[in-house]
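Put the complex together from the two separate chains, hints included.
Chain by chain, the residues run as shown.
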Amino acid sequence: MCFRRSSPLGGRPLGLQVDKDGSIVVCVAGMGLYRLTKAREILPLSVQTNRSFSIIDDSRVRYADDMDIAPDQKIYYSDPTKRYEASEWLTDALEGRGNGRLICYDPADGSSRTVMTELVFANGVCVMWDAQSVLVAETWAARITRLWIAGPNKGKRETFIRDLPGYPDNINRSSDGNYWVALVGMRSPALDLSLSMPDFRKRMVRRVAPDNWLLPNMFTGSLVKFNADGKILDTLWDAADGAHPQITSAREHKGKLFIGGIHNDRIGLIDLEGADPRWSDYEAYWGKKT
Amino acid sequence: MIGSLRNLWDNFRGSGAMALTVPPMDGAFRPNTAIETAQVVTKGDHRTMSSSREEAHSIRMARE
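Read top to bottom, the protein sequences are chains C and A. The numbering used here applies: residue -18 is where the first sequence begins, and numbers increase by one. The numbering used here applies: residue 440 is where the second sequence begins, and numbers increase by one.
Next comes chain A alone, as it looks inside the complex (with noise of 0.2 Å):
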């Protein structure tokens, strides 16, 4: 009961579960370079990637 008037509150104020805020990127979530950085350790094969259903069907999309 206290949830679904907390549901309401929150949909009318835009605030909670219904808040629309993207987080600040401050403390924890500090910009770095950790993942561009990355060492490659294996590459796959392009021919056999684009042979795969879900390019397939994209490819397919696209020329409709």
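In isolation and in its complexed conformation, chain C is listed as follows (with noise of 0.2 Å):
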């Protein structure tokens, strides 16, 4: 197995997707999303939206965070908060409102435009398997919402999994037509009741240091697979004191699963027992290289 540095893209680099001529797609906190080609350059893509209707202006992107790539080359990327920067996560988890949104950015103009608001803290970035709906994880809400993106449901938006036991991070495809999302920490009850207090938040944020908030527990997770129904097939877990805490990310290649943390500074690597081992992420997007 080799590993090679590429370029430096001057931002924290989230999500990512190979595109069909092999370049790759990249979101880029504070930054928004990059193309890195094959021959090493690095394009901006889309680093603003079309402004709401708000005073403040909130066309730039934040903080792009995941994103996937659809048949027709429209590339859905998720903001999860437009009023918070990526290092102040804590403030939106305590603010729990939906400021995050989904944005399209559409190649065949070079045009963003945000197709989906009031996500709360909107993540993971999933088109799926029939390309006709994109899913996106709410964290904070524990939930994934569904936007259809062609076909007769077209523009409807919809609650795909509720009620998740914990906050749902980046969403990628298995090799088995199903779907894996990364748990990044579990709900806890104490935190889930302050969530339906805003006064009691409030008041903890004015008069409680920052050190003492209430923090959402985020040092154990999982990794869950579910089908294209939104049932949940099976979960991987960890612990706070395992190689792997806090998994953010996990993408299957080759009847393996590699799996990733935000705050990790390590890969990981689980054999998948059954999966094919010649299934490939890019082969199933793209079909076979030419």
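Worth flagging that the hints you see were computed from the coordinates, not collected in a lab. Predicted model only: the values in this text are computed from it and were never measured. We put the CB at the ideal spot given by N, CA and C, even for glycine. Misleading hints may appear alongside valid ones.
Here are some chain A residues pointing at chain C (derived, C-beta under 7 Å) [claimed, not checked]:
#, residue
1, 474
2, 475
3, 480
Printed below as a string of structure tokens:
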């Protein structure tokens, strides 16, 4: 196995996907959506979207987080919060409002527009296998929301999985036609209760030092596999003192699952029993390389 | 209309979308050690990690 240092992007790269031409499309926190070509050129694709009716100009993409590419080459990416920077995720969690949005970048005309708003920390994005809809993980709401992008339901928004036991992060396809979602942390009754009490949280952030704020449990997470009907099929667990705490993303490749966490300094590998050893994410999206 | 009424009812009763209950950890959620025992294939450089913007920000916040 060989690893090679690639081009410096200048920001903090998060979700990424290999495009049909072999270039890498990557979300960079604090910057936007960028393309890294095979010649190692860095091209900005989308750094702002259409402004909403808000008094404050919210057109700038603050925190591009995760993305996926539809078969028509449109790129859907999430901006978890239009009020805070990446380092202020805890403030957004305690605010618990729909500050997130899903943005669609159309390479045909280079335009970007917001296609879904009011998302509670829009995080992982995945175009479903049938390319009829996009899944978006709403982290602090512990749910996954679906937006139909084609077919008779085009434009319709619905809750796909509600009431997850943890906070969903990145979503990716699995080789057996299902999906993997990383739960970055597990819910606790105390924080759940506080999220239904905005006055309590307001008093807390005003009167208590940030070190003592109620914090989401972000030390134990898991990987959950679900199918196209939103049914949970399997779960892989971790522990706070394990080799891979706080898993935020998982990607399957040739019968193995590569796992990583935003604060981890390592990549892990899990052998998946019964998974197709020839399956590659690239070919699942774009077919055989020519 | 029905959706709004359902939301109001759920908000009053704490049910449906407004429920605070964590789902039971049975069935597909049963515990295992798959991630704990996962192989480590690459490990980062701690000096590079600590120079990241977010960590620098946390250190600054802690100092303040």
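Checked hints:
Interface hint status for residue 474(A): upheld, as the beta-carbon distance to the closest one in chain C is roughly 3 Å, under 7 Å. Look at residue 475(A): its Cβ gets to within about 3 Å of chain C, closer than 7 Å, so that hint holds up. About 5 Å separates the beta-carbon of residue 480(A) from the nearest beta-carbon of chain C, less than 7 Å, and the hint is met.
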